[in-house]
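> Sequence:
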Amino acid sequence: KHLKSYGRIDQCVLVVDPQTGRPRGSAFVRFAEQTSADALVEAVSKSDDALVVDGRSLLVSRAVTRTDATKLSTSSKPAKEDKRNLWLAKEGYIDPESEVAKAMSAEDLEKRSRNEKQKRDKLANNPNTVISTTRLCVRNLPKALTDTVLRKIFSKACGQPAAKALTQAKVVRDENRVTVKGGARSRGYGFVEFREHELALRALRAVNNNPNVFKEFLADSQLAWEPRRLIVEFAVEDKRKLLLLEKSKSRGKEVAAVRAKRKGEEGEEQGEEERGDKVGSAAGGRQPRKRPKVKQVASARKEKTDSVGEREAVKPKSRPQSRPQTKLQPPTAVEREPEPQPHPKRKRKKPEPDLFEKLVSDYQRRLGSVA
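In terms of the numbering used here, the sequence shown has 249 at position 249, counting the first letter as 1, and numbering is strictly consecutive.
Hints should not be assumed to be uniformly reliable.
Only pairs whose alpha carbons sit at most 20 Å apart, straight line, appear in this in silico EDC-like list of lysine to aspartate or glutamate [stated by the list, open to error]:
no.	residue 1	residue 2
1	K90	E198
2	K90	E237
3	K164	E198
4	K83	D238
5	K1	D54
6	K117	E237
7	K102	D147
8	K90	E110
9	K164	D147
10	K152	E226
11	K1	D38
12	K239	E81
13	K170	E246
14	K119	E193
15	K152	E216
16	K143	D121
17	K156	D108
18	K170	D147
19	K83	E237
20	K156	D95
21	K164	E196
22	K152	E110
23	K119	E237
24	K119	D147
By construction, these hints were calculated from the structure, which means they are not laboratory data.
Assemble the whole structure, with the sequences as input and the hints as a guide.
In structure tokens, the structure reads:
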């Protein structure tokens, strides 16, 4: 309609995304005459407002063949790396106007549109959010579904054993709400994490919007006739939380390694002690245990005092006459320690004098003999 002023049009095709069915914002127009196309390109090159549709100024360029387009795309600058994995945002999305949506209930369509809006808002408002390549978010789960059943469904959907393909299958539960059996009540969604992206993509396409998912993968279960259609998409995660989780995991591994190392060292020491005991018993007797260092020091001090007493005991009885003798007064009764008096009713054994008292009494006796 806007291009008829430049000449007769034979064909006009809008470029549509094959997955979503929505236009990509570009189109191809073929005029009946070459002069009409030349006039349009010349008009747009002279003025940016030459072709305006719904308030937008359109960009016009001459179309090229597919071979030339491939050459131009390879010779142009390489595209930036998608670090947020936004190319997975549309995986599992169903257009409400598509043929597949006509077979769905209005309730399921409303849930899907609400989840899609929440995901778009997260990705648009928070630049730290990324789309996981191996973790799936599963919604519209039955309340009676358990972690084991969820694990079984997705292991069969990817065609691999659960121990080989999955790392996590968890139903999110509300701890404040309790079921009849006493367990936490399900919130209706969960997460399934795979070891490889290919397995996650295969399981998503097999389970998402499948009306017979419970009948196919749980034929022997009470949920086989469940009419629900699961909503499966790649999970949106926060990079900051993922980094904190990785740090805590690495810290936990380091602590576990240190504990294992200490436990191994203690086991080696205990083994050496046991081997030493066995060697001593094989030699004909048990090896005496070493006393603590504190006791050894105390015994050494005692031996030292004993040697000092022996040296005092071997002193000569008389001193040479050349030295001036000084008469020493014996210690008074006040300075002596009172001897313990025995109980009048019960005879107690007189305690043996201490080594120091023995030395003092011996010394007084010698002084008395000299006087």
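> Each hint needs a verdict: does it hold in this structure or not?
The hints, checked one at a time:
Note on K90 and E198: the hinted pairing holds, with a Cα-Cα distance of about 16 Å set against a maximum of 20 Å. Between the alpha carbons of K90 and E237 the distance comes to roughly 16 Å, so the proposed pair stays at or under 20 Å and holds. Annotation: proposed proximity of K164 to E198 holds, straight-line Cα distance about 13 Å (limit 20 Å). For the given pair, K83 sits about 13 Å from D238 by alpha-carbon distance, which is consistent with the 20 Å threshold.
Taken as a hint, the K1 and D54 pair is honoured in the structure, with Cα atoms around 12 Å apart against an allowance of 20 Å. In summary, the hint linking K117 to E237 is supported, as the alpha carbons are separated by about 16 Å, within the 20 Å threshold. For the given pair, K102 sits about 31 Å from D147 by alpha-carbon distance, which is inconsistent with the 20 Å threshold. At roughly 17 Å between alpha-carbon atoms, K90 and E110 fall within 20 Å of each other, so this suggested pair holds.
Of the supplied pair hints, the one linking K164 and D147 holds, its CA atoms being roughly 17 Å apart against a limit of 20 Å. Distance restraint check for K152 and E226: the Cα-Cα separation of roughly 16 Å lies within the 20 Å cut-off, and the hinted pair is therefore satisfied. Our distance criterion of 20 Å between C-alpha atoms is met by K1 and D38, whose separation comes to about 18 Å. Note on K239 and E81: the hinted pairing holds, with a Cα-Cα distance of about 17 Å set against a maximum of 20 Å.
Note on K170 and E246: the hinted pairing holds, with a Cα-Cα distance of about 19 Å set against a maximum of 20 Å. Between K119 and E193, the direct Cα distance comes to roughly 19 Å. Compliance with the 20 Å bound is thereby established for this hinted pair. With a C-alpha separation of about 12 Å, the suggested pair K152 and E216 falls inside the 20 Å cut-off, and the hint holds. Between the alpha carbons of K143 and D121 the distance comes to roughly 27 Å, so the proposed pair goes past 20 Å and is violated.
Restraint check for K156 and D108: the C-alpha separation of about 24 Å exceeds 20 Å, so the hint is violated. At most 20 Å may separate the alpha-carbon atoms for a hinted pair to count; K170 and D147 meet this at roughly 5 Å. This hinted pair checks out: K83 and E237 have alpha carbons roughly 13 Å apart, not beyond 20 Å. For the hint linking K156 to D95, the alpha-carbon distance of about 27 Å lies beyond 20 Å, and the restraint is violated.
With a CA separation close to 10 Å, the supplied pair K164 and E196 stays within the 20 Å bound. With a C-alpha separation of about 28 Å, the suggested pairing of K152 with E110 is violated against the 20 Å cut-off. A hinted pair counts as satisfied when its Cα atoms are at most 20 Å apart, and K119 with E237 qualifies at roughly 10 Å. This hinted pair does not check out: K119 and D147 have alpha carbons roughly 24 Å apart, beyond 20 Å.
The structure fails hints 7, 16, 17, 20, 22, 24 (numbered hints given earlier, in ascending order).
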